[in-house]
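Participant: Please model the complete structure; the sequences and the hints are all you need to start from.
Number of protein chains: 4
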Amino acid sequence: MPSGRHFLQIPGPSNVPDRILRAIDFPTIDHRGPGFAEVGRAALDGMTWVFGTEGPVVIYPSSGTGAWEAALVNTLSPGDAVLMYETGHFATLWKQLAERLGLNPLFIEGDWRSGADPDAIEARLKEDKAHAIKAVCVVHNETSTGSVSPIAAIRRAIDAAGHPALLMVDTISSLGSLDYRHDEWGVDVTVSGSQKGLMLPPGLSFNAISAKALAASEQARLPKSYWAWDHMLGPNEKGYFPYTPATNMLYGLNEAIAMLREEGLSNVFARHARHGAATRAAVRAWGLEVLCRNPNHYSGVLTAVVMPEGHSADAFRAVTLKNYDMSLGNGLSKVTDRVFRIGHLGDFNDLMLCATLAGVEMGLRDAGVPHKAGGVQVAMNQLGRASDTGRAAAE
Amino acid sequence: MPSGRHFLQIPGPSNVPDRILRAIDFPTIDHRGPGFAEVGRAALDGMTWVFGTEGPVVIYPSSGTGAWEAALVNTLSPGDAVLMYETGHFATLWKQLAERLGLNPLFIEGDWRSGADPDAIEARLKEDKAHAIKAVCVVHNETSTGSVSPIAAIRRAIDAAGHPALLMVDTISSLGSLDYRHDEWGVDVTVSGSQKGLMLPPGLSFNAISAKALAASEQARLPKSYWAWDHMLGPNEKGYFPYTPATNMLYGLNEAIAMLREEGLSNVFARHARHGAATRAAVRAWGLEVLCRNPNHYSGVLTAVVMPEGHSADAFRAVTLKNYDMSLGNGLSKVTDRVFRIGHLGDFNDLMLCATLAGVEMGLRDAGVPHKAGGVQVAMNQLGRASDTGRAAAE
Amino acid sequence: MPSGRHFLQIPGPSNVPDRILRAIDFPTIDHRGPGFAEVGRAALDGMTWVFGTEGPVVIYPSSGTGAWEAALVNTLSPGDAVLMYETGHFATLWKQLAERLGLNPLFIEGDWRSGADPDAIEARLKEDKAHAIKAVCVVHNETSTGSVSPIAAIRRAIDAAGHPALLMVDTISSLGSLDYRHDEWGVDVTVSGSQKGLMLPPGLSFNAISAKALAASEQARLPKSYWAWDHMLGPNEKGYFPYTPATNMLYGLNEAIAMLREEGLSNVFARHARHGAATRAAVRAWGLEVLCRNPNHYSGVLTAVVMPEGHSADAFRAVTLKNYDMSLGNGLSKVTDRVFRIGHLGDFNDLMLCATLAGVEMGLRDAGVPHKAGGVQVAMNQLGRASDTGRAAAE
Amino acid sequence: MPSGRHFLQIPGPSNVPDRILRAIDFPTIDHRGPGFAEVGRAALDGMTWVFGTEGPVVIYPSSGTGAWEAALVNTLSPGDAVLMYETGHFATLWKQLAERLGLNPLFIEGDWRSGADPDAIEARLKEDKAHAIKAVCVVHNETSTGSVSPIAAIRRAIDAAGHPALLMVDTISSLGSLDYRHDEWGVDVTVSGSQKGLMLPPGLSFNAISAKALAASEQARLPKSYWAWDHMLGPNEKGYFPYTPATNMLYGLNEAIAMLREEGLSNVFARHARHGAATRAAVRAWGLEVLCRNPNHYSGVLTAVVMPEGHSADAFRAVTLKNYDMSLGNGLSKVTDRVFRIGHLGDFNDLMLCATLAGVEMGLRDAGVPHKAGGVQVAMNQLGRASDTGRAAAE
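Protein chains in written order, with the numbering used here: chain Z, 93 to 487; chain S, 93 to 487; chain G, 93 to 487; chain L, 93 to 487.
Keep in mind the hints are simulated off the structure, nothing from the lab.
Treat the hints loosely; a few may be bogus.
The list treats identical chains as one, so a pair stands whether inside a single copy or across any two.
Said to hold, decoys possible - In silico DSSO-like cross-links for lysine-lysine, where the CA-CA straight-line distance does not exceed 27 Å: (1) Lys330 x Lys187; (2) Lys464 x Lys330; (3) Lys426 x Lys414; (4) Lys330 x Lys426; (5) Lys414 x Lys330; (6) Lys187 x Lys464; (7) Lys304 x Lys221; (8) Lys330 x Lys221; (9) Lys330 x Lys304; (10) Lys426 x Lys187.
Every value quoted in this text rests on a predicted model; they were computed, and no experiment measured them.
Facilitator: Structure (structure tokens):
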């Protein structure tokens with residue numbers, strides 16, 4: 093039990109603020125009683141605001157993985173082709189999930205160093221004259237790499253291809269951290285989870301649903317029950333759920349929504365962007381490489397850092413955990429032990445970021461990883477400037 | 093906001109004790125870090141003890157409904173026949189879930205006033221010479237009626253029929269309240285949830301899995317991913333999960349397991365039995381009827397009470413909520429507005445039961461429901477006697 | 093560790109509601125920073141509302157005993173005569189405290205079975221032609237006996253005697269439970285504490301101060317520092333304190349004030365009165381005697397019950413604690429082992445009272461104390477009637 | 093409501109760890125019941141370990157200021173001379189408190205830039221041939237300046253002077269952070285509080301009492317009641333208190349003691365020393381001056397920093413609060429607006445320190461205070477080295 097506060101700097105679960113933990117720490121109430129309806133409606137209404145939609149949002153007691161499954165089983169039928177994009181590990185997991193469900197995912201390969209390329213999607217859809225592809229699935233913020241896919245541009249690409257496929261977007265690690273607009277960007281199903289920008293513990297997941305997706309769900313033939321939207325939407329109208337909801341997590345969700353409203357979504361997004369920029373400045377000062385190679389795809393949620401050749405990212409992470417009580421994200425699958433990931437999302441601020449970067453810099457030193465000192469200093473300089481601008485803008 | 097403590101006397105979610113709420117109110121940790129493995133293994137190991145099994149238990153971030161689905165999709169293939177037993181509303185929901193998944197449930201009709209009849213199951217299995225039936229699904233404690241099905245006898249009935257069907261049992265509202273023995277009773281899949289006898293908020297569910305069920309899962313062809321046992325069991329060995337677990341709920345689960353160990357499972361079961369008996373004594377003193385007609389099937393978890401003809405159970409429940417800040421369970425489906433249900437499970441004691449029964453008796457009076465006063469007094473007498481016995485037995 | 097909720101039915105500390113516990117469970121902030129001033133002012137302003145005063149209230153990090161001492165040392169000089177009234181154990185303790193401080197308490201003896209008698213006070217003051225008596229000290233609700241002193245009448249008695257003595261009143265166990273009006277009743281110093289009607293844990297105490305008391309404090313020569321009003325009042329103006337305040341308790345106090353505002357003080361008082369009446373009805377039904385003999389002095393906070401001759405109150409209390417996990421108050425000093433006390437104050441409601449009375453009745457039975465069964469039933473009847481009236485009145 | 097965690101870097105109250113807040117957030121119990129005795133004895137026993145004494149410790153529901161008063165009123169009589177040492181603001185407050193109580197404090201003037209000088213004390217005592225001085229009062233860690241007084245040397249000085257005065261030491265801001273040994277160092281009364289090294293919210297204070305002090309208390313004639321040791325020691329033997337204790341704070345205290353035991357006091361002290369050294373290194377790198385001029389008196393609890401001439405410490409602190417959500421300590425009394433104080437005590441670690449120093453450095457920049465950048469970097473280098481040593485030593 094080390095002294096002081098643990099720094100949970102993985103790209104989610106993020107540091108859960110006291111207000112949310114304390115909200116969850118209230119007695120469970122009758123989920124069929126009149127008092128519950130207010131809790132339920134507040135959560136459902138609040139989430140439509142967070143997603144930027146006027147359509148329905150469903151809330152599952154499940155991890156984000158469940159919401160991936162929900163998006164697919166509600167809209168698709170066995171053997172359906174879905175166009176997916178290999179932005180990294182989580183895009184690959186979603187594709188594997190589609191395979192397990194009996195779908196036919198077409199996977200546009202990526203190099204794990206940028207977001208999805210709208211042109212590649214457009215090209216692939218244009219080839220699909222028969223419209224065999226029923227959905228395009230993209231991860232907004234690829235948590236394994238720190239690359240953001242341009243969703244609005246992907247929507248335009250689909251439209252340019254004249255293709256009727258549904259657009260499904262995973263925002264598990266971006267919602268509440270990066271700008272996102274379900275309706276305006278023409279997304280059909282947005283998938284999300286509680287434990288990142290929403291600042292909750294894991295245990296809730298979400299689908300935001302367009303009218304087109306809802307229509308598709310009436311024809312979809314994959315078996316489903318727990319995830320079935322049609323079960324949800326009726327009781328949801330009055331704030332209830334078809335099976336026992338995760339009541340205490342909903343208390344926390346309502347507190348999270350209140351916190352996002354208080355700060356203002358645009359301020360939340362600007363804060364994440366500032367922290368991403370400062371982190372990348374530190375990484376460069378250390379002489380290390382940011383995994384994401386496309387500046388337009390940089391993430392305000394996390395920064396994946398490439399380890400110098402011959403050095404183990406996991407050994408380094410073990411040192412930062414042991415010496416500084418800070419958890420960093422590991423490299424996953426193709427980049428195992430080759431990258432580490434710095435989470436700078438959720439309930440976070442400038443000094444927490446400075447602490448995080450100090451932990452990385454001291455960890456690099458302690459682990460004997462070649463680097464230049466001074467990353468924290470560069471970030472502090474960067475934060476100062478951004479701070480002035482950000483605050484000026486906000487006033 | 094009425095003063096004093098709300099009485100949550102629905103048959104689950106049950107009153108969550110402070111120890112568990114406070115355990116949940118701790119910062120989320122890295123679910124891939126070394127510290128997490130202890131949390132995960134403690135939860136998994138503890139649950140094998142609660143289920144009475146030496147086989148694997150899987151834990152889902154989901155409601156109990158999810159664990160129903162998990163039991164079926166892991167073991168069965170499209171079109172498979174499953175023998176289910178209509179003990180009440182929840183058995184019916186499970187059957188509907190099976191239908192939605194593309195299974196072929198054979199439903200033994202019941203009158204909602206007793207648990208499942210082993211003889212009827214045996215008879216039906218004997219007819220199934222071709223062994224088309226792949227599973228027998230029974231609800232241990234039918235939450236909608238307060239009737240308990242005799243699982244050991246059902247196991248014997250299946251064996252007597254010489255039938256190879258898997259035995260699947262829903263213990264969502266019985267585990268941690270009623271005696272249950274997964275291995276000893278030869279159950280293949282036990283389904284459960286967090287918010288009843290385990291005293292947690294809703295949000296976790298469980299499958300306990302026999303070797304035979306595990307073998308069946310290798311052939312099962314229903315599509316599955318979130319619920320897939322094979323994904324779980326590997327990471328579970330070291331205390332990890334294939335996707336982000338509901339970490340804070342696991343903190344609470346470990347506290348719940350500690351509480352069950354401290355009290356001792358046999359004392360927990362005896363306490364529930366005492367409270368069930370005292371409640372039924374009160375009901376009879378009021379001149380009302382207990383829904384469950386089979387004394388061998390009486391439940392220590394809840395008591396469903398039949399309203400006098402011409403009186404609305406829901407109107408009565410609204411009065412108890414308004415006048416006494418107590419939530420009672422409603423009649424579901426076939427018995428809507430005809431019965432109300434008194435939950436006496438979980439973190440509960442004699443005085444909480446007396447308060448509950450006083451609320452019912454005063455509510456009956458306030459709502460103008462014909463009854464005889466004195467039910468609380470009878471229960472107090474009953475508790476005294478049972479108390480002596482119970483305490484003597486425990487010493 | 094027994095299962096279910098402990099019933100803390102001593103006359104304070106009372107059952108602390110979750111809202112207050114959770115408010116206390118927030119990080120401590122800088123008590124000299126700008127954010128603190130809001131916390132401090134809210135607490136100070138809220139308490140003037142609770143006391144019914146437009147004058148200053150000071151808040152001490154201390155038990156109520158400290159506020160007794162504060163009242164005396166701020167207003168009096170060594171050797172000063174103070175007229176005190178022996179309503180019971182706590183009045184006696186206050187008198188002993190006065191002695192230890194070098195004051196000269198004149199003690200009007202009482203029989204511990206009623207509140208203070210205004211006539212006796214008037215008579216005694218009239219004898220004091222020289223106005224040697226500097227203060228009259230009375231306990232509003234005597235926690236050891238459950239008798240309430242008529243403060244407004246005592247004020248009139250002092251005025252009728254034409255005596256300039258200060259009136260000091262201990263409301264430690266009455267504030268927030270019984271009607272109290274510092275200004276309207278002409279009280280000079282009101283003493284109170286956090287752990288009774290204010291529903292907090294122990295650790296805060298209060299003085300409400302009249303202009304006359306404030307003037308007296310300028311001449312008072314008892315040494316003082318921690319308790320000195322003059323130190324407090326300056327910083328208090330802006331919401332600060334002269335030494336580190338009990339910040340987290342102030343969070344809880346603000347939540348308590350919010351709860352009292354939500355329910356409405358008159359409803360709070362009516363609720364306590366109803367519960368007192370129902371409790372006395374139960375006591376009589378058991379054939380036992382209420383310690384307080386003057387119906388005008390009955391308390392809504394607690395009921396002290398006289399044990400039948402030859403039976404030990406403490407043995408009985410030990411049984412209720414062991415068998416029913418309920419704490420009752422013990423008899424103190426002159427009535428040690430001869431009475432037990434039932435607290436029915438603070439965050440409390442009808443069903444909690446029924447549980448409490450059931451615990452007493454079953455405890456009497458288990459401990460072999462002669463009594464008639466049926467007290468709970470009588471209270472339930474009583475609550476029903478009072479409930480109708482109370483609710484009608486409130487609507 | 094800024095995002096992320098507030099940095100409470102005043103020299104107390106310190107950041108309260110979750111374990112302690114959560115311990116406090118449990119229902120209050122009967123302070124006269126059998127369960128309480130365990131809580132009370134654990135707290136009292138634990139505190140004797142923390143103080144390093146085999147004598148009694150008393151615990152007050154009060155701020156530390158109350159424990160100052162308690163030390164004096166229990167041992168002294170009106171007009172008694174006490175030798176006090178002006179280490180800074182808090183020593184001055186204690187002296188003023190002594191004056192208000194009617195004592196005759198002799199004040200050895202200091203320059204607020206070092207701890208107490210044993211030679212000066214010895215010299216002054218030697219002059220007091222008549223032994224009019226009844227006590228020597230010293231602040232161990234002067235919270236207003238960050239200077240530590242050498243208590244063992246002061247004991248030797250008193251002995252060298254052959255003077256019978258009691259030695260009283262204020263450890264409000266040092267206990268649980270700096271090495272302290274009540275018995276070994278021959279202290280007669282040690283005063284302390286909850287909200288610094290003990291990591292609790294404010295609201296508890298302490299006296300550790302030598303046999304000599306206890307003997308003195310039998311002759312002491314200052315009036316006292318709330319603070320009277322003789323009232324406390326009897327009930328304390330069995331774990332009880334003479335008046336209602338601050339039960340929930342005692343829960344927290346027991347958790348704090350557990351945390352100190354887990355880390356080990358010598359590790360706790362070494363950690364504070366490391367953080368003090370790193371902070372001073374940063375201050376020097378900024379080109380600023382540490383207020384404490386005597387390296388033997390440097391504090392591991394806080395570092396007071398002298399502002400460059402012509403710059404306002406309070407304006408700077410307002411900037412760090414606004415821009416970085418960090419509270420720093422203000423200059424008090426003689427050094428108002430001339431110094432700011434960095435708290436690095438309690439539940440604290442390397443990354444929290446880096447964040448704190450980054451906040452100071454960015455604040456200096458934002459406030460336009462002349463300084464050299466690079467203090468954080470120097471501290472990080474320092475921490476690395478100290479870390480190796482510290483860890484090596486601990487293994």
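Participant: Could you run down the list of hints and mark each one as holding or not?
Facilitator: Now for the hints, and whether the structure bears them out:
1. Lys330 x Lys187: between (35 Å within a copy, 26 Å between copies)
2. Lys464 x Lys330: neither (58 Å within a copy, 37 Å between copies)
3. Lys426 x Lys414: within (26 Å within a copy, 43 Å between copies)
4. Lys330 x Lys426: between (46 Å within a copy, 22 Å between copies)
5. Lys414 x Lys330: between (49 Å within a copy, 20 Å between copies)
6. Lys187 x Lys464: So Lys187 and Lys464 fail the 27 Å test inside a copy (39 Å) and across (53 Å) alike.
7. Lys304 x Lys221: within (20 Å within a copy, 48 Å between copies)
8. Lys330 x Lys221: neither (43 Å within a copy, 48 Å between copies)
9. Lys330 x Lys304: Close inside one copy (23 Å), not across copies (43 Å); limit 27 Å.
10. Lys426 x Lys187: Within one copy only: 15 Å inside a chain, 43 Å across chains, cut-off 27 Å.
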